[in-house]
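These protein sequence lines are chains A and B, in that order.
Oh and the first sequence: position 157 is 157 in this note's numbering, straight run, nothing missing.
Oh and the second sequence: position 101 is 1101 in this note's numbering, straight run, nothing missing.
By construction, these hints were calculated from the structure, which means they are not laboratory data.
These numbers were taken from a predicted model, which means no experiment stands behind them.
Ideal Cβ positions, reconstructed from N, Cα and C, are used throughout, including at glycine.
Check before you lean on any hint, since a few could be wrong.
To be verified - Residues on chain A that point at chain B, a partial pick, calculated with CB under 8 Å:
hint: 1; residue: Thr35
hint: 2; residue: Arg43
hint: 3; residue: Arg45
hint: 4; residue: His120
hint: 5; residue: Leu124
hint: 6; residue: Arg131
As the list claims (entries may be wrong) - Beyond 12 Å from chain B on every Cβ pair, some chain A residues (computed):
hint: 7; residue: Ile51
hint: 8; residue: Gly109
hint: 9; residue: Ser142
hint: 10; residue: Arg146
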Amino acid sequence: MAFVSTRRQDLVRTAVLLCAGDEATAEDLVQTTLTRLYLSWARVRRADSPIAYARASLTNAFVDEMRRAHRRRESTLADPTVLLVREEGARAPDPDLQRLVLAALAELGPRQRAVVVLRHWHDLDTAETARILGCSVGTVKSQNARALARLRQVLGTVQQDLLVGLG
Amino acid sequence: MSDHDDLKRALGLAATGDRAMPAAGEDLARAREALRARTRRRYRTGLGGLVLAAAVGFGTVGVLADRPDTSDRVQLVAERFVAAPYTFDLTPKGWSVQAQNPYAVTIVPDDGSISTHPDDFVGKLVITFDENPLSGHSVEHDGRRIWISTSDDYTSMATRTRTGEPSGIVRIQYPQDTHWNEAAMLDFLASVHVGPAARHGHG
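Isolated chain A (complex conformation) (with noise of 0.2 Å):
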């Protein structure tokens, strides 16, 4: 219950990059994780770092649904660009930029998306995401290179000091 109370909400934020902003999708994956941890609490007890397991076993969730719907997201904007013009000239508001990278996260695909959010929301190392996801060292590598490619072309146009005000 503390897990919960303390975790979920670090799950909730870790399923929405997954998701590319797909909220009802990662909700879905943070319950069924919850549910596998609670079934095999023995071993993520035991785990040098439980959230660590829970974030593990909420990518795997992720990467299991993706493939077992061939689920693509559609995009809440059909291309990101839009977005930019419009607010071209002007200081783009939160939300906006919020919609802009989740849209920019579903041009990847889930792996890669997978290896972006472990990476560089949680700065795991190549090793350790290639634990998780199941693969070599390198092919994280390859994947993260061609999804910060793809980044960068989708988000390039954004001024820079939109990203730097964030901070």
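Following the hints, put chain B in place on chain A, whose structure we already have.
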């Protein structure tokens, strides 16, 4: 400011939201219902095993009956199962075959905590057949030499196939956090029979 920092900040923004937090009790209720469903399923499986064992005249029904685990250590029961072309003389209680082919078998815990994708090996027992070199330290077990190597994530045990089986190395990779002790790992590996249809994997 690095690209990594910029991206992390952007992801942080994207992850932020004004979301209602469900009461923790709702999650707990769902999880408890899942546990009850699993328990019912296991008892049904156990009952089915009892009926089947009685029907074919096996005398070891007490061993075959499946019950919810009350200890963390993996228990091996004297029940043969086939994951063609591999046969196992022992069955780890609470684990099931997930995938099989001439090159490998994967076995996973029944608690649903592990990925269902056949190419994702995290948390799974992976039984392979190959011609790769043997490495690590070796021990004698039931008249066979078994090589053991360990890493942070896995213990790998390997042994040569028996006389009469296809020539090669049968190998099992055990995840570290799944409560297999060394004796159980050795016993389970020694219980593997490699059928003629098995093929060497590479890598």
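* Numbers of unmet hints, in rising order -> Hints 3, 5 are the ones this structure does not satisfy, whereas the remaining hints hold.
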